[in-house]
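If you use the working numbering, the sequence shown corresponds to residues 1 to 842, in order.
In case anyone wonders, no lab produced these hints; they're calculated from the structure.
Quick list of simulated restraints, FRET-style, between CB atoms:
id: 1; residue 1: Ala507; residue 2: Arg342; range: 46 to 52 Å
id: 2; residue 1: Asp801; residue 2: Arg252; range: 35 to 41 Å
id: 3; residue 1: Thr813; residue 2: Thr286; range: 31 to 37 Å
id: 4; residue 1: Pro70; residue 2: Val42; range: 40 to 46 Å
id: 5; residue 1: Thr817; residue 2: Ala483; range: 28 to 34 Å
Just so it is clear, the structure is predicted and the values come from calculations on it, not from any experiment. We put the beta carbon where it would ideally sit given N, CA and C, even for glycine.
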Amino acid sequence: YGVGPEGANGNAADAGDEPRTRLRRWKRRELFRITVRDLLGVADMPAIGREVAALAEGCLHGALRIVDPPFPLAVVGMGKLGGEELNYASDVDVLFVHADTTSSEAERAARALLAVMAEPGPDGIVFRTDADLRPEGRSGLLSREPGSYEAYYERWAEPWEFQALLKARPVAGDAALGARFAAIAEQYVWNGPLGEDAIRDIRALKARSEEQLRRQGLHDREIKRGRGGIRDVEFAVQLLQLVHGRHDADIRQRGTLPALAELARHGYVAERDATALDAAYRFLRTVEHRLQLVDEQQVYALPADETSRTHVARVLGYRDAGATSALERFEADLRSHQTVVRAIHERLYFRPLLEAFAGAGPLREEVAAERLAAFGFREARQTKAAVRELTEGFRRQSRLMEQLFPLILEWLSTSPDPDLGLLQLRTLAEGPARAATLATAFRESAGAAERVCRLLGSSRVLGQAMRRNPEFALTLADDDALATPRTAEQLAAQARQTLSWRGDREAHREGVRRFKRRELLRIAARDLLGFSDVETVGRELAALADATVDAALRSVQPRVPFAVVGMGRLGGQALSYASDVDVLFVYEGEGAADFEEAERAANALIREIGTTTAEGEAFEVDARLRPEGAHGALARSVEGYRQYYERWAQVWEFQALTKARFVAGDPVLGHRFLAMVDPFAYRDPLPPDWEREIRRMKARIESERIPPGEDPEFHLKLGRGSLSDVEFTVQLLQLRHGGSQTVVRDTSTVAALGKLHGIGAVDAEDAAALADAYRFCERARNYRFLQAGRTADSLPSDAADAVHLARMMGYATRPLTSLRDDYRRVTRRARRVVERLFYGKT
Numbered sequence: 001y002g003v004g005p006e007g008a009n010g011n012a013a014d015a016g017d018e019p020r021t022r023l024r025r026w027k028r029r030e031l032f033r034i035t036v037r038d039l040l041g042v043a044d045m046p047a048i049g050r051e052v053a054a055l056a057e058g059c060l061h062g063a064l065r066i067v068d069p070p071f072p073l074a075v076v077g078m079g080k081l082g083g084e085e086l087n088y089a090s091d092v093d094v095l096f097v098h099a100d101t102t103s104s105e106a107e108r109a110a111r112a113l114l115a116v117m118a119e120p121g122p123d124g125i126v127f128r129t130d131a132d133l134r135p136e137g138r139s140g141l142l143s144r145e146p147g148s149y150e151a152y153y154e155r156w157a158e159p160w161e162f163q164a165l166l167k168a169r170p171v172a173g174d175a176a177l178g179a180r181f182a183a184i185a186e187q188y189v190w191n192g193p194l195g196e197d198a199i200r201d202i203r204a205l206k207a208r209s210e211e212q213l214r215r216q217g218l219h220d221r222e223i224k225r226g227r228g229g230i231r232d233v234e235f236a237v238q239l240l241q242l243v244h245g246r247h248d249a250d251i252r253q254r255g256t257l258p259a260l261a262e263l264a265r266h267g268y269v270a271e272r273d274a275t276a277l278d279a280a281y282r283f284l285r286t287v288e289h290r291l292q293l294v295d296e297q298q299v300y301a302l303p304a305d306e307t308s309r310t311h312v313a314r315v316l317g318y319r320d321a322g323a324t325s326a327l328e329r330f331e332a333d334l335r336s337h338q339t340v341v342r343a344i345h346e347r348l349y350f351r352p353l354l355e356a357f358a359g360a361g362p363l364r365e366e367v368a369a370e371r372l373a374a375f376g377f378r379e380a381r382q383t384k385a386a387v388r389e390l391t392e393g394f395r396r397q398s399r400l401m402e403q404l405f406p407l408i409l410e411w412l413s414t415s416p417d418p419d420l421g422l423l424q425l426r427t428l429a430e431g432p433a434r435a436a437t438l439a440t441a442f443r444e445s446a447g448a449a450e451r452v453c454r455l456l457g458s459s460r461v462l463g464q465a466m467r468r469n470p471e472f473a474l475t476l477a478d479d480d481a482l483a484t485p486r487t488a489e490q491l492a493a494q495a496r497q498t499l500s501w502r503g504d505r506e507a508h509r510e511g512v513r514r515f516k517r518r519e520l521l522r523i524a525a526r527d528l529l530g531f532s533d534v535e536t537v538g539r540e541l542a543a544l545a546d547a548t549v550d551a552a553l554r555s556v557q558p559r560v561p562f563a564v565v566g567m568g569r570l571g572g573q574a575l576s577y578a579s580d581v582d583v584l585f586v587y588e589g590e591g592a593a594d595f596e597e598a599e600r601a602a603n604a605l606i607r608e609i610g611t612t613t614a615e616g617e618a619f620e621v622d623a624r625l626r627p628e629g630a631h632g633a634l635a636r637s638v639e640g641y642r643q644y645y646e647r648w649a650q651v652w653e654f655q656a657l658t659k660a661r662f663v664a665g666d667p668v669l670g671h672r673f674l675a676m677v678d679p680f681a682y683r684d685p686l687p688p689d690w691e692r693e694i695r696r697m698k699a700r701i702e703s704e705r706i707p708p709g710e711d712p713e714f715h716l717k718l719g720r721g722s723l724s725d726v727e728f729t730v731q732l733l734q735l736r737h738g739g740s741q742t743v744v745r746d747t748s749t750v751a752a753l754g755k756l757h758g759i760g761a762v763d764a765e766d767a768a769a770l771a772d773a774y775r776f777c778e779r780a781r782n783y784r785f786l787q788a789g790r791t792a793d794s795l796p797s798d799a800a801d802a803v804h805l806a807r808m809m810g811y812a813t814r815p816l817t818s819l820r821d822d823y824r825r826v827t828r829r830a831r832r833v834v835e836r837l838f839y840g841k842t
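Sequences and hints are given; from them, build the entire structure.
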């Protein structure tokens, strides 16, 4: 089937025709010959791929002779052309390399060659030819010198570009120039560092492709990118090549099937898996060839209608047999192959590592460490020890759990911190009761198992909570339950029911803490798994605090009318995982006895919620926003608050009242307090000295409040354009307009921002800038707490911690750079709004 450049000149019958016409006719005749060999079964699928690739190679030789550039120019085959596995209707992917000329001259020659290949005529085109795999894609130069390619691959290339170079092969033009490019490609594919980011980027690329297919509704019909399709085989093979080919030159094959055979021969893929993948790949590519025989169209999806699918089945050689139609037989074989491919694809990456750990084959310690690092596991010895311990434990639980373990490692490897995930899984599986619960969850739902791995590799807080509540893993398969937030009323009722049977005070306290921990686990899991946005998380956490305060207050049983008013983030229903619970206590009564009872109830409530026990702490209660702060009485009557606000309160105390919200206790008393304080906070008009004082206070906070050791450049709470900027701006606008426009008196920052936009106080662009910054910073701050279990108000300065946080927030590609770039983008945009709306600068 070899085709050389001389073939492009055609034969004597074409002698009088223009060269481009002869090239198209020659290609058409050769393609007809190849198709006949295919349909008559004279050549198998791999041979057909090689012949079509050779035909394209010959056409490129012919096109290059027609263009006839007066300088060295090489054409490098990429993709299926480079791998010698071309489809009938494949694009011919190429790169151009030139020497001894200018870039503009090389550009003209490359464009001329592409035009020869794509120019239509009565016999169609030669081949659709695509140079989009070049550096910088469609916006990049069509041709480069070897040194330019080398500089690009050294500095700017993405991981997928190195993956694409696996198949790079000089196919036409100057042989020495092509060989020089091939040496550069080989250097960067096999000798450069292969980090975990590269592996993640390659996986993310495939995941995005599958998601796009799902949105188009083709996921079940397309045989190329669908589940168990051609891409599943190709990506698995290529990823294994990238990981293992660095130390084993034999598997550096350009074609998928030759590479698969070498992977199996060297023990990187089990023989039975390689055999199944080989058979499935041949079958799927044959189906693809048959779909593309109609007018050389790039078709990858089976037809939607039954008549057309039956035609495809019969072209493939299927016939009716008894009660089973040709279509039914074809579709049964297709489903069987797709199921096998997907199952092998999902567990393939880790099989060689597991076999090496088990002693099934030789693997040097340093090589094992590098391969583990490529999948995100940096602690090689710890990983190997955990793998051995877990596989032995899972083997005792069931054969299924043992078989599932490669897939568990795959899920852990895609989590933000695979080492943390593996360590926490190991801890979670300790003890027969927890191990049995975990095994049950994993056996019953692969989806639940994958989510457990995601959570464990994201958060120490959730790992510790799941160790105390292993049964929570069983709930992670229920999408409907995860998608539904619980209301304040539901949480309060659940808290009362949970605590109703607990008799003594200590048991009650333990119950409050267990209830809080269990619900926090549910809220955080919904958050990290993408079932909640940042506002919903804030409302749910506030509702959880409300329910906890309500349950604690019922156990305290104050003997005077008593209410708890939420302030700050609790009042604003925007609690973070690390937030204190800011409160005011209000009672109804007169005289010393009533005051003493109210003080007793307030102190008892603080102890009930804030005391640390064996079950931890419910919430830390902060009552310092009360009149006179830490030196004032814990509780006051409504009249006592009125007198204070009339005589002594400062501007910041009126500003704080914009967040006041009834939380628990006597509702009539609580709402009477809110009605009383509203006129103190919202004045019409806003006193001018208030604006000056609020701005002065904010400026002081900016200059004095960032603690030592926290990065002011990336501060999430006090940085320029971050949370405090947004909150102060919204509160000032509320105070300015809330005297006459009661609609803006909303305790939620984001909700109030929307209402300020509704009355025209903020335009849509400014409101969006402030909301975006608030959501970004709040989410990052929340995730920082979940990441390590401690409060932190700036992006991490440690690179590993910052990458972990970025991955929690969904940055799969260049996580550290992307996280910091987005912080700068959203906060700078918000700060410009703050300068105008808060500080009054133009």
